Amino acid sequence: MNVLITGASGGLGRAFAIDCAERGYNLLLTDINATGLYTVKQGLLRQYNTCILTKSCDITNDNDVEELMTFAREQDFKLDMLLNVAGIDHEGGFTERSFKQISSILRVNIEATLRITNQALLLRRPNSRFYVVFVSSLASLYPMPLKATYAASKRFLLDFSIALGQELKGQKVSVLSLCPGGLPTTQDALNGIAAQGFWGSVTTNKLEKVAHNTISKVQRNRHVYIPGVLNRSFSIAGKVLPAGFIAKLLYNRWNKAQKQWLVIDKKA
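In the working numbering, the protein residues as written are -14 to 253.
Be aware that a few hints might be false.
Claimed, not checked - Quick list of in silico lysine-lysine cross-link-like pairs, DSBU-like style, CA-CA up to 35 angstroms:
hint, residue 1, residue 2
1, K194, K26
2, K63, K191
3, K191, K85
4, K224, K241
5, K157, K191
6, K224, K40
7, K224, K85
8, K202, K63
9, K26, K63
10, K85, K241
11, K85, K26
12, K154, K224
13, K202, K157
14, K233, K40
15, K40, K194
16, K194, K154
17, K26, K154
18, K194, K233
19, K194, K157
20, K202, K224
Hint data in this document are derived by calculation from the structure and do not stem from the laboratory.
If you're wondering where the values come from, they're calculated on a predicted model, not measured in any experiment.
Please model the entire structure based on the sequences and the hints provided.
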């Protein structure tokens, strides 16, 4: 099986790469961070006997994406699975962020993800099952004050993935949206989890387990995966409680957490 992973230089992307390599899958890893890609590739080659290709790419750039696809064609790397991991957020309230930061969230999380998905579908192996994973978020299930743009961008991916899965079901394409809680991917993410205290710790998911279960579930034709029993219970609450009430609760939680979070980041 040939797998393309975006955002593969660290965090969840690296966890996906390790799990796929353990399964014996061939990998095409891409990220804007060329140095990080090289490090991941060397680590995988030392442990696993499988094909590991890397190509640095800014997925917000049309030319970079075209070069990535040309590279895959030159390597005769027909795709069986796409793991859309690349994404960004900028912490802080809407008026506290520049419009450049706000628009970059939409450009990476939505526009670039759809660009790479559109192109990857053209490279899928003929007459074979194809799997697509979108990394959404638990935040996609609620209106999220102080994370409004990020949560809305992830909601787009959740809704889009469900619709795309139905659209392409007859073409042997399975689509899953991963909606995790906190993930210990970067120092900033760890600071955020710490700032949330108890709720941050109990809603955080282990990278290795999330990666393994996600790949298993998309291959079983699951459409949405919310890791963690507590997180799944929160998702049910989001469906039955009024949106305004949830927004108020979340504002109170995030207002306190972000104040501490951003102080931690300034000290780091």
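Task: In rising order, the numbers of the hints this structure does not comply with - done: Numbers 6, 14 - these are the hints that the structure violates, sorted from lowest upward.
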